[in-house]
Amino acid sequence: MKKSALLIPLAILVGATALSSMFIVDERERALVMQFGQVKGVKSEPGLAFKIPLIQEVVRYDDRILSRDIDPLEVTPSDDRRLVVDAFARYRIADVVQFRQAVGVGGIRAAEDRLDSVLRANTREVLGSVSSNDILSSDRAALMMRIRNAAAEEAQGLGLEIVDVRLKRTDLPEQNLEATFARMRAEREREAADEIARGDEAAQRIRAQSDRTVVELVSDARRESEIIRGQADAQRNRVFAEAFGADREFFEFYRSLNAYKAAFGKGNASMVLSPDSEFFEYLERADRPVVPAPSAPAAAAGPAAD
Numbered sequence: 001m002k003k004s005a006l007l008i009p010l011a012i013l014v015g016a017t018a019l020s021s022m023f024i025v026d027e028r029e030r031a032l033v034m035q036f037g038q039v040k041g042v043k044s045e046p047g048l049a050f051k052i053p054l055i056q057e058v059v060r061y062d063d064r065i066l067s068r069d070i071d072p073l074e075v076t077p078s079d080d081r082r083l084v085v086d087a088f089a090r091y092r093i094a095d096v097v098q099f100r101q102a103v104g105v106g107g108i109r110a111a112e113d114r115l116d117s118v119l120r121a122n123t124r125e126v127l128g129s130v131s132s133n134d135i136l137s138s139d140r141a142a143l144m145m146r147i148r149n150a151a152a153e154e155a156q157g158l159g160l161e162i163v164d165v166r167l168k169r170t171d172l173p174e175q176n177l178e179a180t181f182a183r184m185r186a187e188r189e190r191e192a193a194d195e196i197a198r199g200d201e202a203a204q205r206i207r208a209q210s211d212r213t214v215v216e217l218v219s220d221a222r223r224e225s226e227i228i229r230g231q232a233d234a235q236r237n238r239v240f241a242e243a244f245g246a247d248r249e250f251f252e253f254y255r256s257l258n259a260y261k262a263a264f265g266k267g268n269a270s271m272v273l274s275p276d277s278e279f280f281e282y283l284e285r286a287d288r289p290v291v292p293a294p295s296a297p298a299a300a301a302g303p304a305a306d
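Residues 1 to 306 in UniProt numbering are what the sequence shown spells out, letter by letter.
Derived by calculation from the structure, the hints in this document are not laboratory data.
Glycine included, each C-beta is placed from N, C-alpha and C at the ideal position.
It is possible that part of the hints are untrue.
As the list claims (entries may be wrong) - Across the chosen pairs, the derived CB separations fall in these ranges: (1) Ile-24 <-> Asp-71: 36 to 42 Å; (2) Arg-229 <-> Tyr-254: 21 to 27 Å; (3) Val-58 <-> Arg-109: 18 to 24 Å; (4) Val-215 <-> Ala-259: 37 to 43 Å; (5) Arg-255 <-> Ala-221: 20 to 26 Å; (6) Ala-141 <-> Asp-71: 19 to 25 Å; (7) Gly-128 <-> Val-105: 32 to 38 Å; (8) Glu-187 <-> Ser-117: 37 to 43 Å; (9) Asp-80 <-> Ala-121: 15 to 21 Å; (10) Ala-94 <-> Leu-172: 34 to 40 Å; (11) Ala-192 <-> Glu-224: 45 to 51 Å; (12) Val-84 <-> Arg-109: 23 to 29 Å; (13) Arg-60 <-> Asp-139: 40 to 46 Å; (14) Val-84 <-> Asp-139: 27 to 33 Å.
My request is simple: use the sequences and hints to build the entire structure.
Shown next, in the form of structure tokens:
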């Protein structure tokens, strides 16, 4: 009874010790077996691994490719045109032992702080050796490769491998942006003013041409109308002349009636003329009594018969 009571705690202790000596390595990470601050082993294969319980401990590091965004960095290219560069890097832990020795217990956070310093320094150095036009052109791919290669040499001391460095955005500083926008706005306003001036010039030219066309059309129309009116007047005069030649008395009578109509047909009218004026010739004739024409004398009686 006493032996069984002692065996149970002993079995529990042995089981706990056995369990604490085992650990699992994930395929996405690598593990360091540490003993009193010293590296005793590296476990990179996924699966079950062992360590000495209570003496050794396991430190795990991510074995995947990691990303690190760099804070916006102001650089001065060779043409003294300041730019604000926003970049990021992709890296992985290539040597976990060297990484542990370089950053100690700080881990990834301490490594990224030191990596930021390396990337910022190399970015300033590379971009400062070229002009801003090179940075903004298609040559930026070669510049990013230069930054990656320069940073990779220094990152090896941290046990890191720089996979890639990319420039996400390249802008002007805020104060330069305002000046640039103002200059661009002034340039666009100048172009707009030129376009408006050219449009006004074209409008004036078209308007002058249309006015000239109107004057020419009106002049031609008036000329044609005058020709037609002259031909009509000639035709009218010819008709009047023929009528005058056919019956002069009737023609004078007709012209007098038209004159009376024009003079007295507009309401109350007053005319001061001599009573024996030729204007009232036909009115005077209308007032005279009609005297029948004397008939022909009767034929003389024949001689009396004897």
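inquiry  = Tell me the numbers of any earlier hints that the structure contravenes, in ascending order.
reply    = 5, 14
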